[in-house]
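Student: The opening position of the sequence shown corresponds to residue 1 in this note's numbering, with each subsequent residue numbered one higher.
FYI, nobody ran anything at the bench for these hints, they're computed from the structure.
Predicted, not measured: the structure shown is a model, and the values here were computed from it.
C-beta atoms are modelled at their ideal positions from N, C-alpha and C, and glycine is treated no differently.
Possibly wrong hints are sitting among the right ones.
Okay, the calculated beta carbon distance ranges per label pair [stated by the list, open to error]:
| id | residue 1 | residue 2 | range |
| --- | --- | --- | --- |
| 1 | 85 | 16 | 15 to 21 Å |
| 2 | 100 | 123 | 32 to 38 Å |
| 3 | 31 | 60 | 20 to 26 Å |
| 4 | 152 | 44 | 29 to 35 Å |
| 5 | 1 | 115 | 18 to 24 Å |
| 6 | 47 | 25 | 26 to 32 Å |
| 7 | 24 | 101 | 30 to 36 Å |
| 8 | 31 | 61 | 32 to 38 Å |
| 9 | 47 | 24 | 34 to 40 Å |
| 10 | 140 | 9 | 30 to 36 Å |
| 11 | 29 | 139 | 29 to 35 Å |
| 12 | 11 | 47 | 27 to 33 Å |
| 13 | 46 | 1 | 35 to 41 Å |
| 14 | 46 | 136 | 30 to 36 Å |
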Amino acid sequence: MTAVEERLAELGLTVPAVAAPVADYVPALRTGAYVYTSGQLPFVNGRLDVTGRVGAGVSLEEAVSAARQCALNAIAAVASQVALDEVVRVVKVVVFVASDPSFTDQPKVADGASELIGQAFGEAGQHVRSAVGVAVLPLGSPVEVEIVVEVG
Numbered sequence: 001m002t003a004v005e006e007r008l009a010e011l012g013l014t015v016p017a018v019a020a021p022v023a024d025y026v027p028a029l030r031t032g033a034y035v036y037t038s039g040q041l042p043f044v045n046g047r048l049d050v051t052g053r054v055g056a057g058v059s060l061e062e063a064v065s066a067a068r069q070c071a072l073n074a075i076a077a078v079a080s081q082v083a084l085d086e087v088v089r090v091v092k093v094v095v096f097v098a099s100d101p102s103f104t105d106q107p108k109v110a111d112g113a114s115e116l117i118g119q120a121f122g123e124a125g126q127h128v129r130s131a132v133g134v135a136v137l138p139l140g141s142p143v144e145v146e147i148v149v150e151v152g
């Protein structure tokens, strides 16, 4: 078990199987010293537990939880390319939030992903981030997360 998996286990989490792509792409790709993930939805056992727009049917708390699940799925995508102990830095996290036009707390939603990544990777999990409000996401998901990690 890697240190990342041990930290996740302390949170009661395990790295899930990589979510199957919903279109024509791969979940993650390594090039040189970096692994890029495709946008990860908050799938749990192959399904979305919540759909809709944040601020219009999806609560902030549900969205934060969904962002956390997206981040866990992104970690799984990275693990499909390299051993998690090879990650020396989480470089960038991008969080897309399907938002009602009046919703402006996208950074709070993104914190769900950022906090889990920090808990999993420790100091190497400190990253730059974008939190972007969008009208709609694939399959009606309220959140989508992609990450870039550097590996050694």
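Student: May I ask you to test the hint 26 to 32 Å on the CB atoms belonging to residue 47 and residue 25?
Tutor: Between residue 47 and residue 25, where Cβ atoms are some 20 Å apart, the hint is violated.
Student: Holds or violated: 34 to 40 Å for the Cβ distance of residue 47 and residue 24?
Tutor: 21 Å, violated
Student: Starting from the range 30 to 36 Å, see whether the pair residue 140 and residue 9 falls in it by beta-carbon distance.
Tutor: 31 Å, holds
Student: May I ask you to test the hint 32 to 38 Å on the CB atoms belonging to residue 100 and residue 123?
Tutor: Roughly 36 Å apart at Cβ, these two residues keep to the hinted range, so it holds.
Student: I want to verify a distance hint. Is the separation of the beta carbons of residue 46 and residue 1 within 35 to 41 Å?
Tutor: 24 Å, violated
Student: That 30 to 36 Å hint for residue 24 and residue 101 (C-beta), does it hold up?
Tutor: Holds: the Cβ-Cβ distance is about 31 Å, inside 30 to 36 Å.
Student: Is 27 to 33 Å right for how far apart the beta carbons of residue 11 and residue 47 are?
Tutor: 22 Å, violated
Student: Regarding residue 46 and residue 136, is the given constraint of 30 to 36 Å on their beta-carbon distance met?
Tutor: 21 Å, violated
Student: Do residue 31 and residue 60 keep their Cβ atoms within the hinted range of 20 to 26 Å?
Tutor: 36 Å, violated
Student: Taking the CB of residue 31 and the CB of residue 61, does the distance hold inside 32 to 38 Å?
Tutor: Hint holds: Cβ distance 37 Å, inside 32 to 38 Å.
Student: Please check whether residue 29 and residue 139 have a Cβ separation lying inside 29 to 35 Å.
Tutor: 22 Å, violated
Student: Using the beta carbons of residue 152 and residue 44, state whether their distance is inside 29 to 35 Å or not.
Tutor: 31 Å, holds
Violated hints, listed in ascending order, are 3, 6, 9, 11, 12, 13 and 14; each of the other numbered hints is respected by the structure.
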